Amino acid sequence: MTTKPRWRPQGATVLAGAALVLGTSLPAAFWPNWRGPEANGSSPETKLPQTWSKTEGLRWTASLPGPSAATPAIWGDHVFLTAAVREEQVLLALALDRRTGKELWRRQAGLGFGQDRLSNFASPSPVTDGQTVWFFFGNGDLAAFDFSGKKLWARNIQKDYGPFAFLWTFSSSPVLWNGRLYLQVLQRDVPVQGRGRADRPNDSYLLALDPKTGRELWRHVRPSDAREESREAFSTPVPVIHNQPAELLVVGGDCLSGHDPDTGREYWRWGTWNPGRIGHWRLVPSPVSGGGVVLACAPKGGPVTAVKLGQQGNLGDAAIAWQSQDRNVSTDVATPLFYQGKFYVLNTDKRVLSRVNPADGKVEWSGELGGRVKLEASPTGADGKIYLMNHNGDVFVVEAGSQFKLLATIPMGGEPEDKTLRSTIAVSQGNLFIRTGLKLFCVGK
4 MTTKPRWRPQ GATVLAGAAL VLGTSLPAAF WPNWRGPEAN GSSPETKLPQ
54 TWSKTEGLRW TASLPGPSAA TPAIWGDHVF LTAAVREEQV LLALALDRRT
104 GKELWRRQAG LGFGQDRLSN FASPSPVTDG QTVWFFFGNG DLAAFDFSGK
154 KLWARNIQKD YGPFAFLWTF SSSPVLWNGR LYLQVLQRDV PVQGRGRADR
204 PNDSYLLALD PKTGRELWRH VRPSDAREES REAFSTPVPV IHNQPAELLV
254 VGGDCLSGHD PDTGREYWRW GTWNPGRIGH WRLVPSPVSG GGVVLACAPK
304 GGPVTAVKLG QQGNLGDAAI AWQSQDRNVS TDVATPLFYQ GKFYVLNTDK
354 RVLSRVNPAD GKVEWSGELG GRVKLEASPT GADGKIYLMN HNGDVFVVEA
404 GSQFKLLATI PMGGEPEDKT LRSTIAVSQG NLFIRTGLKL FCVGK
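Going by our numbering, the first residue of the sequence shown is number 4, and it counts up by one from there.
Incorrect hints may have been included.
[Claimed, not checked] As a list, the in silico DSSO-like pairs of lysine-lysine whose alpha-carbon atoms are at most 30 Å apart:
no., residue 1, residue 2
1, 408, 353
2, 422, 448
3, 422, 377
4, 442, 154
5, 57, 442
[To be verified] Label pairs and their calculated CB-CB ranges:
no., residue 1, residue 2, range
6, 419, 248, 46 to 56 Å
7, 92, 406, 48 to 58 Å
8, 91, 409, 19 to 29 Å
9, 121, 203, 43 to 53 Å
10, 226, 194, 31 to 41 Å
11, 323, 151, 43 to 53 Å
12, 404, 331, 47 to 57 Å
13, 152, 304, 36 to 46 Å
14, 268, 59, 50 to 60 Å
15, 330, 283, 36 to 46 Å
16, 422, 59, 23 to 33 Å
17, 151, 181, 23 to 33 Å
18, 244, 50, 21 to 31 Å
Just so you know, these hints were derived from the structure itself, not from any lab. Computed from a predicted model, the values in this text were never measured in an experiment. Note that the Cβ used here is the ideal one computed from N, Cα and C, for glycine as well.
Could you put together the complete structure from these sequences and hints?
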């Protein structure tokens, strides 16, 4: 169901201009959110580097105050990042100069560090529209700043809607779409390790806010038949226009659904990849659309399912365009890439990248990236190349051609903090932006 607004900001500053990113004209040279200008991991940029090192082929290297799995958001000459500082137990919003790497400002946006050993509260990626930047953290802190670092408003989603019920650190990123800021909270219905409400079931919901003020526009409760950990999702909503109307794609709780961006009303639902109702299938990969279908990626070695867009109601098997049979075509964490008319699916555990035809699910090639280290950062496509990074900071450059070709393997990690790196490589204005534990590398001229 969709509820009416409940929260009113205290002393919120009204921003100038409409907060629009997707669905309007957007400079293709910028990277405004987690999955880039096309919301699918791709960029139309060209003349990007193929080889470099930690000491050569760099424009600059910046030191960072703490780790984060978030992807940088880039607009013009501003690079926005988050950091969690363990010693001080603070969450930071940061802005760097894109040209030099110099820190422009840092602001404390929350308190805490994390709730498990694999991640921290600074994992959600920021989003910007060129005037304002929004930072969200896994402890529920949400804040808006202008480009000079002035705080415009702030609130905490847990304080306003109840404590999160997640076993793992919450890491869904905010999405900006046609003047609304969206968040999803797909969580357990009962407490886990003391987190969540005990007096009544915890709702899973989709939330739309006014990006100028933080005021609630609507809140849509999204029910699920999933059990236990399978109710938890760390995916991010994806807006898409396929014919009409526009819709917001949400995946988690053993199902994929399409929603009205204006009201949250559910247009359709497909499920499930988990007919046996296994209780430990938390979901991480976000939906990605292309070629008239949207991919839903089952966890822990499960298949990738392509669901046809533009449907209504509760969908059955007739809505499935195809489902992967090749065990290489599976992803437990990384969100697939859609680039130049093809899907690229990164198998997190096998370290295999596969190119898939969206029309029929045919696997055009699969290639091993090598090593024994997991790759959980989502792939990036630009300039005819696919850029990927593993937990230790090794970057792989693959040709986005008709055959698998590994062009380069470049170690960018090596520090004590570089053990579970998950930040996706961002592309902007001729440069690659690679985040390791405590460094941001700007690669290129």
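To see whether the hints hold, each was checked on the structure:
A C-alpha spacing of about 17 Å is found between residue 408 and residue 353, which places the hinted pair at or below 30 Å, so the restraint holds. Taken as a hint, the residue 422 and residue 448 pair is honoured in the structure, with Cα atoms around 28 Å apart against an allowance of 30 Å. The suggested pairing of residue 422 with residue 377 holds, with an alpha-carbon distance near 10 Å, which does not exceed 30 Å. At roughly 25 Å between alpha-carbon atoms, residue 442 and residue 154 fall within 30 Å of each other, so this suggested pair holds.
As the CA atoms of residue 57 and residue 442 are separated by approximately 11 Å, the hinted pair is consistent with the 30 Å bound. Distance hint check: the CB atoms of residue 419 and residue 248 are about 50 Å apart, consistent with the given range 46 to 56 Å. A C-beta distance of roughly 49 Å is found between residue 92 and residue 406, which places it inside the suggested range of 48 to 58 Å. Between residue 91 and residue 409 the Cβ separation comes to about 41 Å, which falls outside the hinted range of 19 to 29 Å.
The given range of 43 to 53 Å is broken by residue 121 and residue 203, whose C-beta atoms sit roughly 30 Å from each other. Taking 31 to 41 Å as the suggested C-beta distance range, the pair residue 226 and residue 194 does not conform, at roughly 18 Å. Distance hint for residue 323 and residue 151: a CB-CB separation of about 49 Å, consistent with the stated range 43 to 53 Å. At roughly 18 Å, the beta carbons of residue 404 and residue 331 sit outside the given window of 47 to 57 Å.
Taking 36 to 46 Å as the suggested C-beta distance range, the pair residue 152 and residue 304 conforms, at roughly 44 Å. At roughly 53 Å, the beta-carbon separation of residue 268 and residue 59 lies within the given 50 to 60 Å, and the hint holds. Judged by the Cβ atoms, the range 36 to 46 Å given for residue 330 and residue 283 is violated: they are separated by roughly 19 Å. At about 25 Å, the beta-carbon gap between residue 422 and residue 59 stays in the expected band of 23 to 33 Å.
Here the CB-CB span from residue 151 to residue 181 is close to 26 Å, well matched to the stated 23 to 33 Å. Checked against the hint of 21 to 31 Å, the C-beta distance between residue 244 and residue 50 comes to roughly 30 Å, which is consistent with it.
Hint violations for this structure: numbers 8, 9, 10, 12, 15, all remaining hints satisfied.
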